[in-house]
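Colleague: Sequence:
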Amino acid sequence: MQATPQPSTATAVTLGVIGAGNMGGALVEGWVRSPLPGLGLVVWDKVEAAGRRLLTSDMVSLAGSVDALVQKADVVFVVVKPKDAAEVLGLLAGRLRRDQVVVSAMAGPTLEWMRGIIGPGPALIRIMPNLGVSLGAGALAMTADTLTDAATVQTVARLLEPLGIVESVPEDALDAVTAVAGSGPAFLALVLEGLEDGAVAAGLPRVAAQALVRQAALDTARLLPLHSDSAAGLRAHLDAVGGLDRSAMAVLEDREVCVAFKKAIKVAMERSRSLRAAVH
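Using our numbering, read the sequence shown as starting at 1 and increasing by one per residue.
What the hints contain is simulated information worked out from the structure, not anything from laboratory work.
As the structure is a prediction and not an experimental result, all values here were calculated from the model.
Possibly wrong hints are sitting among the right ones.
EDC-like mimics (lysine to aspartate or glutamate), calculated; alpha carbons at most 16 angstroms apart, straight line [as the list claims (entries may be wrong)]:
| no. | residue 1 | residue 2 |
| --- | --- | --- |
| 1 | K72 | E112 |
| 2 | K46 | D74 |
| 3 | K266 | D172 |
| 4 | K46 | E29 |
| 5 | K46 | E87 |
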């Protein structure tokens with residue numbers, strides 16, 4: 001395990017972001033929205049226009065090349081598609097200092113595989129974020145390889161905290177994280193869509209249905225922490241106070257909605273694993 005000099009979140013620190021697509025852009029937007037003291041951001045994307053759309057704050061600048069970004073950054077975030085992983089990591093190899101940290105936000109490439117490309121110098125961490133990071137309401141999981149010391153992991157966690165909740169997990173759990181945190185918002189959006197359609201079928205105007213369902217979703221999220229963060233606990237509480245119609249819930253249970261979600265998460269996990277297989 002190597003000891004990496006720690007960039008302090010209380011002093012100037014520059015984060016380099018390689019990749020200005022949806023996720024790279026969401027990370028940058030999140031840091032701009034809730035900036036840490038002394039934080040600077042430098043972005044590079046092979047499509048210059050993609051990087052330019054992120055120039056919404058004086059704290060963000062563009063790098064003309066990967067090499068220029070590496071020269072400025074204390075921590076380098078790699079946020080590209082898995083198919084581009086080998087090319088981008090190859091550009092980093094030989095350019096990184098031992099006191100730098102590389103953080104991959106790519107689904108698929110493992111720590112061992114990436115270490116084989118970039119070499120033994122910098123600390124190496126993987127994260128799995130979702131698009132909620134742009135609002136400071138994201139869900140992020142992180143893991144590090146054996147050459148990266150605990151202090152470096154803690155420093156990167158502090159850099160990520162303005163973006164949402166940060167959970168440390170073993171690397172073999174990241175496929176499940178991708179399925180739940182990554183695909184979860186889309187699954188929940190499908191539930192909300194079904195509720196909206198049901199409300200319209202019951203006679204509500206579409207606009208009113210959307211507003212009421214959206215508020216119900218927000219209320220549910222706010223109530224969860226009051227019931228041990230357990231969805232089952234919240235459901236039991238609502239049932240106890242008369243907030244659930246058992247006959248209506250029986251319709252969902254008869255159609256095995258929870259079983260369907262388990263199957264969907266399994267499929268999403270398998271998709272994440274297939275990305276890794278395609279890269280390696």
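Colleague: Please go over all the hints and tell whether each is borne out by the structure.
Modeller: Each hint, compared with the structure:
1. K72 with E112: Judged against 16 angstroms, a Cα distance of about 26 angstroms means the pair is violated.
2. K46 with D74: It is violated: about 21 angstroms lies between the C-alpha atoms, which goes past 16 angstroms.
3. K266 with D172: Holds. K266 to D172 sits at ~14 angstroms (cutoff 16 angstroms).
4. K46 with E29: violated, 19 angstroms
5. K46 with E87: holds, 12 angstroms
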